[in-house]
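Full structure from sequences and hints, please.
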Amino acid sequence: MTTTHMADSNTQAQRILKQQDRNQRNFTLKVAGWWVVFFLFLVFLFSGVKIDLGPIHIKTITMDQEFINEWAGFISGGVPQTILISFLSIIFASILALVTAIARLSRFSPVYAAATFYTSLIRGTPLYLQIFFFFLAWPQLGFEPLPGFVAGVVALSLNYGAYMSEIFRAGISSVSKGQRESALALGMTNGQMMRRIVLPQALRFVVPPTGNEFIAMLKDSSLVSATGFVQEIMWRATKVGRANFHGLEALLIAALWYWAMTIIFSWLQSRLEQRMSRGER
Amino acid sequence: MTPIVKVTNLDKHFGQLHVLKDVSLSVEPTEVVCIIGRSGSGKSTLLRCINFLEQPTHGSIEVDGLCVDVEQARLTGEQRQVLHEIRLHTGMVFQEFNLFPHLSVIENLIEAPVTVKGLPHDQAIALAEKYLDQVGLMFKRDEFPNRLSGGQKQRVAIARALTMEPKVMLFDEPTSALDPELIGEVLEVMKQLARNGMTMLVITHEMDFARDVANRVLYMHEGEFIEEGTPARMFSDPRDPRTRQFLDRLLRQ
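Chain order of the listed sequences is A and B.
Positions 1 to 281 (the working numbering) are the ones given, in order, by the first sequence.
Positions 1 to 253 (the working numbering) are the ones given, in order, by the second sequence.
Treat the hints loosely; a few may be bogus.
Rough simulated footprint, nothing fancy, chain B against chain A, three-plus residues with beta-carbon under 8 angstroms [unchecked claim]:
| # | stretch |
| --- | --- |
| 1 | 173 to 182 |
| 2 | 188 to 200 |
With a cut-off of at most 27 angstroms between alpha-carbon atoms, the simulated DSSO-like pairs for lysine-lysine come out as follows [unchecked claim]:
| # | chain 1 | residue 1 | chain 2 | residue 2 |
| --- | --- | --- | --- | --- |
| 3 | B | Lys117 | B | Lys6 |
| 4 | A | Lys177 | B | Lys167 |
| 5 | A | Lys177 | B | Lys21 |
| 6 | B | Lys117 | B | Lys130 |
| 7 | A | Lys219 | B | Lys117 |
Computed list of chain B residues with no C-beta within reach of chain A, every gap over 10 angstroms [unchecked claim]:
| # | residue |
| --- | --- |
| 8 | Ser26 |
| 9 | Leu53 |
| 10 | Val82 |
| 11 | His84 |
| 12 | Glu96 |
| 13 | Ile125 |
| 14 | Ala157 |
| 15 | Arg160 |
| 16 | Arg233 |
| 17 | Asp248 |
Simulated from the structure, these hints should not be mistaken for lab results.
All figures in this text were calculated on a predicted structure; none of them were measured in a lab.
Ideal Cβ positions, reconstructed from N, Cα and C, are used throughout, including at glycine.
Written out as structure tokens, the structure is:
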């Protein structure tokens with residue numbers, strides 16, 4: 001079959017596809033335009049501008065520029081902490097999720113029960129409580145008190161691990177029975193089959209949703225600020241906001257950071273997703 | 001000659017379903033045996049019992065002198081060890097190819113020799129290239145499976161099984177998932193294999209292949225072998241009415 005022959009028989013279809021492409025591009029451009037409009041409106045709302053048009057007086061929200069100049073740097077200094085907490089937690093959570101997912105595939109009852117018990121307990125209680133548990137209740141169990149940072153990472157890891165085990169379980173079961181059977185028929189042990197055949201394929205399935213979990217974690221990491229000892233974005237914003245009675249400005253700066261990080265990491269994640277799906281399937 | 005595959009009084013139940021009923025079979029070295037029969041007659045299950053992808057309910061399986069006699073549902077550690085060795089001596093080709101999609105063709109071939117047998121990488125590559133050449137696909141060496149046609153995938157799957165240097169090859173309807181125009185190339189590779197003296201147990205609906213290559217044809221019906229013979233005799237003069245009915249329908253297509 002030659003390509004020219006294909007092209008001839010497909011010109012009509014190609015025209016339609018091209019038109020659809022154009023429509024889609026136009027729509028995307030319009031959406032982007034509206035985003036700019038909404039964003040500018042938001043900026044205007046907080047610009048402090050006063051407009052007098054005869055009988056109509058419009059007064060937008062005024063912010064204390066001096067406060068912003070003084071404290072924006074301090075609040076932004078929490079960004080590395082926020083990313084570090086989220087990054088460490090997503091790694092530990094992934095390990096926990098993998099172990100839990102494998103345990104949930106076990107037909108050995110105590111192992112299966114341990115996995116379901118853990119996920120039920122964690123999913124049945126609030127993340128906020130879990131963070132405080134490792135911070136406040138921990139010493140009462142007879143252990144050395146945990147620093148706020150450690151308590152936060154432990155709680156976030158356990159919490160996300162429980163939710164993400166479902167993703168990993170789906171990833172593992174997305175690998176077909178035929179794959180397992182041909183691995184076994186070639187003489188692999190169960191462990192070899194899992195390591196060499198099932199997990200590498202499951203991983204491709206698991207990476208994109210794990211990216212989403214990381215993005216959610218960036219924001220949930222703000223709960224760790226409640227321990228009062230972790231200098232991430234939220235802690236810094238509330239601290240200076242309260243002290244100076246400028247919660248609005250402080251929280252807006254924090255919000256912009258969370259939003260920006262979400263947009264950046266979402267973009268990275270969609271790039272990653274495209275690369276994974278282009279792989280050999 | 002001692003048989004290379006010996007199945008004795010094999011029973012297999014799936015819950016209430018009695019899939020294999022006291023089946024016995026033996027295959028001599030270099031022999032090519034074709035099993036025919038309707039879908040659901042148990043032929044696939046029998047093949048899968050030989051390398052324990054299905055565990056028989058009871059009966060014994062012997063491959064190249066390695067014997068597992070199944071008496072109860074839970075195999076002993078020693079039996080599992082033997083079972084594992086049986087798998088090392090049997091190659092299997094599936095209807096759905098089951099190539100590993102995350103590995104290139106050559107990686108598909110060396111995976112088991114390296115991981116399972118601990119063969120050094122360069123030796124495994126040499127071995128893999130030999131068999132890849134044998135199935136005529138050296139030019140696809142570094143492609144990924146999704147870039148191959150169905151026929152090419154199945155030829156790679158055959159080469160992958162051969163790279164473990166098995167004593168017997170099990171084929172579970174190797175051409176049933178293929179477009180008609182791709183069946184020929186796979187059968188050609190299988191014929192070549194038979195001519196080279198490989199012992200083969202083949203489930204197939206390709207009567208021409210059976211006629212050309214098989215030493216024996218067995219007809220399975222509802223979990224039992226009800227007739228066997230040379231392909232010439234089976235196809236021209238089936239004695240059991242059920243065999244005749246099956247062949248009539250197949251040959252009329």
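Find the hints from earlier in the document that the structure breaks and name them by number, from lowest to highest. 7, 9, 11, 12, 14 and 15
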